[in-house]
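Student: Sequence:
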Amino acid sequence: MKTLRIVLIALVALAAGVVASAHAQTLLLTLDTANPQPGSQFGRSVAVGDVNGDGKADIAVGAISEDPGGNENQGRAYVFSGADGSLIFTLNTPNPGAGAVFGISVAVGDVNDDGKGDVAVGAYSEDVGGNQTQGRAYVFSGADASLLLTLDTPDPQAYQRFGYSVAMGDVNADGRADIAVGAISGWPRDDLPGWAYVFSGADGSLLFTLDMPNPQAEAKFGLRVAVGDVNGDGKADIAVSACWEDVGANEYQGRTYVFSGADGSLLLTLDIPNPQARTFFGRGLTVGDVNADGKVDIVVGADGEEVGGNQEQGRTYVFSGADGSLLFTLNTPNPQEDAHFGYGLAVGDVNGDGKGDMAVGAFGHEVAGNDRQGRVYVFSGADGSLLFTLDTPNPGASPPFGAHFGISVAVGDVNGDGKRDIAVGAYDEQVGDNFAQGRAYVFSPLGPVGGVATLPDVADSSGYNYIALAALAAAAVVALGAGTWYARRRWLR
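First residue of the sequence shown: 2, per the numbering used here; consecutive thereafter.
Treat the hints as calculated values from the structure; they're not laboratory data. Hints may be right or wrong, so weigh each one.
Stated by the list, open to error - Here are the computed distance ranges between Cβ atoms for each label pair:
no. : residue 1 : residue 2 : range
1   : 417       : 88        : 30 to 40 Å
2   : 275       : 159       : 33 to 43 Å
3   : 372       : 328       : 12 to 22 Å
4   : 214       : 418       : 37 to 47 Å
5   : 338       : 384       : 41 to 51 Å
To be verified - With a straight-line Cα cutoff of 20 Å, these simulated EDC-like cross-link-like pairs (lysine to aspartate or glutamate) come out:
no. : residue 1 : residue 2
6   : 296       : 324
7   : 57        : 128
8   : 420       : 384
9   : 296       : 339
10  : 420       : 115
11  : 356       : 418
12  : 117       : 156
13  : 236       : 191
14  : 117       : 153
15  : 236       : 153
16  : 117       : 204
17  : 57        : 324
Every residue gets a Cβ at the ideal spot worked out from N, C-alpha and C, and that includes glycine.
Model the full assembly from the supplied sequences, consistent with the hints where possible.
Tutor: See below:
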């Protein structure tokens, strides 16, 4: 009996430890759109940076399907204070029109050297000068949200989809952030490979046009861009993915290229270490100094990769910026089909050891029976081990698509404690009765360095009746016209 009591006490202590570790990551902020509507897809893109100059990173969030002024799918972007989550400003396209998808991409960087982060926003489906879906990108002041720059493609043509991706960093070493913009092209111009362009933050002039080194139709070169100093010359270099590129006989295997910020020359060509068709290597892309050698490394997601027989489980690879060698191969700790592990990516030192850690989104992960609820995993930059797992604080069914928590990820110090916090978008999460309204969350990585903590994988921790909620949401979808909503989802993930 005494032995049984000791065992029971040990089990209780273990359970208490699990519960304690489950809450080692603190939810700092829950961000909602200031203009609630069904299907707004708030959280499709997130970025962090100090916009208001208070020393804490703020959060920019894109809501690509909001309908300002009744313009369907025009989109919006919002910037929230990292200090308290209050809305700093709302950004709208200066050229209103239906279908612009303003907010598909966001980035933060100081272009005017006033000490405050400015906000770049892509509107890849905006019609320009009579060219349907040519696309644009805009840069707004972090001081007052005024328009600083309007960026147009140097190669005007319909369906170029300029602005699908944006990234910021000082490419020409003038002390101001410059802007990289991807133009992916697409139907009905699938004969085009895509482009990437780099513009001066000082005046918006064109610095570089980056062409695909292996030109190929429908390669989606420019679907992801990232900026950081790879070769240590003091100028930010530009990583560009071509995630639909055919490599050898493998359709849509994908590649990623890194170009010099000094002269636009090709520095690195990165290939997936496990070749196979339809891996979409490069559909996730970010940069950051993982090994603390003073040069940024390149993190590439292949969210379509089949792993262990699981189709589209996905993998993520980390390459040295110094020589392109493979540093880490990251796998989901919870193998399953359609996880899309590696789609949302970010790098930053979350545990304070001086090395960039990797946040990896798996927006398709089923969690506790909730299809496509999504998860985010954070791995150590020191050894690639799992540090912790993040789940949405609002678990449950989010019909008709699933919440897609982890579709977007960004890292920055929001609370000023010297460790990077993690912002996560869940762009299809149901909010109230609004299906696919979306949310964004910011988590603080508390707990010991190297400690592993996960939120418990329980189906009903909140006490909600998810079956009833799913039925209610499904009825709302029918009432609002789910067929119309499906027809509106015409852009790429």
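Student: Look at the Cβ atoms of residue 417 and residue 88 and judge whether their distance stays inside 30 to 40 Å.
Tutor: 20 Å, violated
Student: Are the Cα positions of residue 117 and residue 156 separated by 20 Å at most?
Tutor: Violated. Residue 117 to residue 156 sits at ~31 Å, over the 20 Å cutoff.
Student: Check whether the Cα positions of residue 117 and residue 204 lie no farther apart than 20 Å.
Tutor: Distance of about 17 Å is within 20 Å: holds.
Student: Under the criterion that the straight-line Cα-Cα distance not exceed 20 Å, is the pair residue 420, residue 384 satisfied?
Tutor: Holds, at about 18 Å.
Student: Can the suggested window of 12 to 22 Å be confirmed for the beta-carbon pair residue 372 and residue 328?
Tutor: This hint is violated: roughly 33 Å between Cβ atoms.
Student: For the pair we were handed, residue 296 and residue 339, check the Cα-Cα distance against 20 Å.
Tutor: Judged against 20 Å, a Cα distance of about 33 Å means the pair is violated.
Student: Can the restraint linking residue 236 and residue 153 be considered satisfied, given a maximum Cα separation of 20 Å?
Tutor: 24 Å, violated
Student: Can you confirm whether the C-alpha distance between residue 57 and residue 128 stays at or below 20 Å?
Tutor: The hint is violated at about 36 Å.
Student: Taking 33 to 43 Å as the stated bounds, is the beta-carbon spacing between residue 275 and residue 159 within them?
Tutor: At 37 Å between Cβs, range holds.
Student: Holds or violated: residue 420 and residue 115, Cα atoms, limit 20 Å.
Tutor: 24 Å, violated
Student: Taking the Cβ atom of residue 214 and the Cβ atom of residue 418, is their distance within the range 37 to 47 Å?
Tutor: 42 Å, holds
Student: Is residue 57 within 20 Å of residue 324, Cα to Cα?
Tutor: Violated, at roughly 34 Å.
Of the numbered hints given earlier, the model fails hints 1, 3, 5, 7, 9, 10, 12, 13, 14, 15 and 17; all others are met.
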